[in-house]
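Chemist: Each chain is listed here by its residues.
Protein chains: 2
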Amino acid sequence: MPRSKESARANLENLYRIFTVPEAPDSTLGRIDQAISDNVTGFLQKHIVALENSITDIEKSFDDPKIPEEPTFVSDYTEFIKEKLVAQSVHTAAPGFIGHMTSALPYFMLPLSRIMIALNQNLVKVETSKAFTPMERQVLAMLHRLIYSESDAFYHRWIHDSRYALGAFCSGGTIANITALWAARNQLCSPSGNFRGITNEGFFRAMQHLGCQGLAVLVSRRRHYSLGKAADLLGIGRENLVLVETDDRNRINMAALREQCRRIQDKGIRPLSLIGIAGTTETGNVDPLEEMADLAEEIGCHFHVDAAWGGPTLFSEKYRSLLKGIERADSVTIDAHKQLYVPMGAGMVLFKDPAALSSIEHHAAYIIRHGSKDLGSHTLEGSRPGKAMLVHAGLSIIGRKGYELLIDQGIERARRFAEMVQEHPDFELVTAPELNILTYRYNPASVQEALAHADAETVREVNELLDKMTKRIQKRQREAGKTFVSRTSLTPERYRGQTIIVFRVVLANPLTTEDILASVLEEQCEWARHPEVSPLLDQLQEMTAAA
Amino acid sequence: MPRSKESARANLENLYRIFTVPEAPDSTLGRIDQAISDNVTGFLQKHIVALENSITDIEKSFDDPKIPEEPTFVSDYTEFIKEKLVAQSVHTAAPGFIGHMTSALPYFMLPLSRIMIALNQNLVKVETSKAFTPMERQVLAMLHRLIYSESDAFYHRWIHDSRYALGAFCSGGTIANITALWAARNQLCSPSGNFRGITNEGFFRAMQHLGCQGLAVLVSRRRHYSLGKAADLLGIGRENLVLVETDDRNRINMAALREQCRRIQDKGIRPLSLIGIAGTTETGNVDPLEEMADLAEEIGCHFHVDAAWGGPTLFSEKYRSLLKGIERADSVTIDAHKQLYVPMGAGMVLFKDPAALSSIEHHAAYIIRHGSKDLGSHTLEGSRPGKAMLVHAGLSIIGRKGYELLIDQGIERARRFAEMVQEHPDFELVTAPELNILTYRYNPASVQEALAHADAETVREVNELLDKMTKRIQKRQREAGKTFVSRTSLTPERYRGQTIIVFRVVLANPLTTEDILASVLEEQCEWARHPEVSPLLDQLQEMTAAA
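Line by line, the protein sequences are chains U and G. In terms of this note's numbering, the first sequence is residues 4 to 550. In terms of this note's numbering, the second sequence is residues 4 to 550.
Keep in mind the hints are simulated off the structure, nothing from the lab. Accuracy of the hints is not assured; some may be wrong.
Heads up, the list lumps identical chains together, so a pair's fine if it works in one copy or across two of them.
The calculated PhoX-like cross-link candidates involving lysine-lysine, where the alpha carbons are at most 20 Å apart (straight line), are [what the hints assert, rightly or not]:
(1) Lys327 / Lys270
(2) Lys471 / Lys327
(3) Lys85 / Lys49
(4) Lys321 / Lys8
(5) Lys69 / Lys471
(6) Lys404 / Lys321
(7) Lys49 / Lys63
(8) Lys69 / Lys474
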């Protein structure tokens, strides 16, 4: 056989191998795979390097824009991944990682994910998903019932009627929020008379038809950033996402909301939707949903609740009432990759009215044909994996009572942490937890004392220095890799409109103990005394002593 | 200890267990996990029931809308999943499953997916993804270079400059297409003078500013259905997605395109974008991209190429030229879960100009802050998993040459299948493969013969009967579960505007042999003679004998 033909044949054989021959158990990848099966916590602890490399250093391993010409051995590639990717990733499951909305996952999620990936179903159509289609519809019904508690007859009627949908499964809360506002927009601008609807004629003709200058969405200024994207994408415009003042507990101010509704209506702009937040991303507060529902009813607009974070609070008999009024929402967003403990990439939007999603319905000739059971006719996304299976698994294996425990514990742990912050002389609690999120900052007792009596100018200057310190402590703590809190900026009433930087803590990981919480505070005190931060501390003490 | 406290404690302990104790290797779930590791093909073959249950039957296992109160044992749940979900799912990896765009996956994708899921990174921000962030940027650069072949200096300049992005990673091609048109719309309606841009002021004010009646997107009628969604979502309106006639090879008719451009401009509507298709979903054809690029340049609009399917043809030295002109596109969509052989849920959009995505840039206080490296500032989605890792793995392990082999083989296999269809007296090839997709139908030799000479009325009636037969054969073949082709409707020139139903075949699975292809045809012949289909055959023969 000539050389080139021989090598072509060898290439072909190698190619078939990667599709047909599993990794050997004693190969590098096989061993890692086994290690993760045996003990994922141990694997993550062993392989993720705690100490942070600079991102510029890490980038050096990922700076070749050329696709390799020749194949690489799986074992060599796995070594690379182990050293350069896994080692330099973030231990999001660590019980001391309390800065963002990730947590440890239940163990069964890993092998079940493998089944899901091995099956590689595509939920856009029944022909590539079969049983996954009714399963996803069941999951949507379960979450719908958690929110709306309709009758058995209601669910019996709608659960598998493919002309309608109780909601849409999506890759995350952003797509869920966009889908909710998309459906609301299309319902408001639905076909009537000669007007063929915004879906067909577009935004400009819709405004001409309605005789108005634009649409507006009203939400508290604590809203998630996805709503700005939604307003942009849907042609509403970010300026028509009206951000309403909040009270000192970060909940929308109803008087201000009414006032804003009047203001935009005077400008010829039509309120498309009010959005209530059930668990603000930064502070975990819940808007007065009942009052918002009343107002939405009064002015005749859509009422959406962004419960991406807080939705699962409904599992708790004790705390469910915090979300009172959510059952009156026209649509609700819930993220599964947050407090349903499903791996990244799963969210849902539920609609009270099973016909609501008809306003965004679409079809094609080769799939999602009229009358088919294909889920793709009512989703923003097209091809999608069978992630609903993992929600189904969580709901089944953990059960309502299991989730209730997780929720109750999170809220109680957050309250305990708030007490610890308050009991410590050198910390200032900025927002107390309503759900399981709180914010605070390092602020030495003497400075706190001085702040209470200082003039406006000094308060401003002190807060600016404290901001610098908060940023520096947060960064050093993150880089050290033992524990992690995030940071954000808030405008608490006590500082009269001044925006300050705070630590933000999310307590959803059931493995986070009180000892770990104590060590988070301890570490922050240590960083405050570290040579890189302590000059700020000295400055602060000087400034307040002078005042 | 009182009874209730005791049981609460037991519940809590169980809850910790699911977060800390792995499934035992000899548990039901442990055994399935091992079986998939050892031999995924065997697992799928063994557990997926070939014979199709009716969807109504399957629905019975998924019709309880109540979230279970009490936890379920993992082993019981796994049994349920095995019997009711896995057994009733679709064997999308089977070499005889040639009806949709799924294929067998390379083995290494499974253990690597487990690493990805165990790490549970969130790519929206560096704080929850660290090394995954530069890795995703590298993957985007690699695909950008595959399309645009810019210089080393270019990539060195842009690859890790977080103020810009060479593209966006998404959950699939639909989001990719929407992102492309979103960026194009915002660029066309960017801030100027007193106008603060469509992003801020919205669609209505943007049209007033531009002094036009709407925006239009022009694409061939063979476009993917996601573009209708994009037009709806972005406020353009489905009627302003102008569907242009195609030639007999399903490629956009340039004269018709020019004519449509004039027509909409006369109506005061501004062309926002031309869209070229590189691999139409139903027939795998490629638009004349070079000529479209010329026209887009001439009228000064965006040029997007939807290469969700065909993009990886660029790996092939032999067939790359089929996509000539793609390098002049302003944006290009490529799906990774199609011909990059990555599990479901991964797509990309690449932009020629690294500044293009600035038109949709957004920030928040607690993440994606100005100046941060967070990828979330330039994506439609928010929280996202680290799927880019699997693309990185594919590109590294398979290499450019490996993908070239896969592409070349697919195209050549499609040509071979087209020959087989043509050689068989009782089949009619409807669209020949340009890439690796073709369409055909069962059509007995005598009927084909008669069709060639029949009058228009008879042709119409014969085609209607053939449609019924095609639908029935496709359905029976799917239900029998041995092999699978999909179906769609096309309007081939030879039947002068009559829409007919055809079998659609996608040849991307490297394990699909010529024997399997032969058996697909054989099975279709058998179904044609089956008592449920053969009466149609008799009718056909009568009708054509009479004519």
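Chemist: Take the hints in turn and mark each one as holding or not.
Modeler: How the hints compare with the structure:
no., hint, in the structure
1, Lys327 / Lys270, "neither (33 Å within a copy, 51 Å between copies)"
2, Lys471 / Lys327, "neither (39 Å within a copy, 54 Å between copies)"
3, Lys85 / Lys49, "within (11 Å within a copy, 33 Å between copies)"
4, Lys321 / Lys8, "between (72 Å within a copy, 16 Å between copies)"
5, Lys69 / Lys471, "neither (41 Å within a copy, 50 Å between copies)"
6, Lys404 / Lys321, "within (12 Å within a copy, 60 Å between copies)"
7, Lys49 / Lys63, "neither (23 Å within a copy, 45 Å between copies)"
8, Lys69 / Lys474, "neither (37 Å within a copy, 46 Å between copies)"
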